[in-house]
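Colleague: Hey, can you work out the whole structure from these sequences and the hints?
Numbering-wise (UniProt numbering), the sequence shown opens with residue 1 and increments by one.
What the hints contain is simulated information worked out from the structure, not anything from laboratory work.
Note that beta-carbon positions come from the ideal geometry of N, C-alpha and C, so glycine has one too.
There may be inaccurate statements among the hints.
As the list claims (entries may be wrong) - Here are the simulated SDA-like pairs of lysine to any residue, each with C-alpha atoms no more than 20 Å apart in a straight line:
1) 74 / 50
2) 74 / 56
3) 97 / 87
4) 74 / 57
Said to hold, decoys possible - Taking CB as the label site, the calculated pair distances span:
5) 96 / 67: 33 to 41 Å
6) 118 / 26: 21 to 29 Å
7) 40 / 82: 12 to 20 Å
8) 39 / 86: 20 to 28 Å
9) 118 / 89: 20 to 28 Å
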Amino acid sequence: MIFHFLLPLAAAAGSVPSVDMLATDEARNLCVAAAEGSLDAETQCIALIREHADPMLVDEMDPDFQSSCMVVEKISETELIWIFLEWLEEHPDAGDKPASTSITAALFEKLPCGWQER
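Modeller: Pasting the structure below:
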């Protein structure tokens, strides 16, 4: 399990590339390496994706929570990687776009109601 409170420290130290500075192809390569078992790549890929996924986290216990969705999916970090990679398979022309654009598009398309951590 990755300790999320450490990710901002790792990003500040320069070990996790900023999603704003990567092309989608670079993020894809990183996430493919993560899917193939590289722990370092997994840490970096998850940090990139969570930069955009965390604002979509749903807390149904929040008194201000409102949604027309009947179900909010419970997703693990590994599943976030696969959601991104599957979206890339469906959008092969996204490779030269900024990773931030592709990650956001993948999340909104695949998780339109947001998500909860499993």
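Colleague: Of the hints stated earlier, which fail here?
Modeller: none
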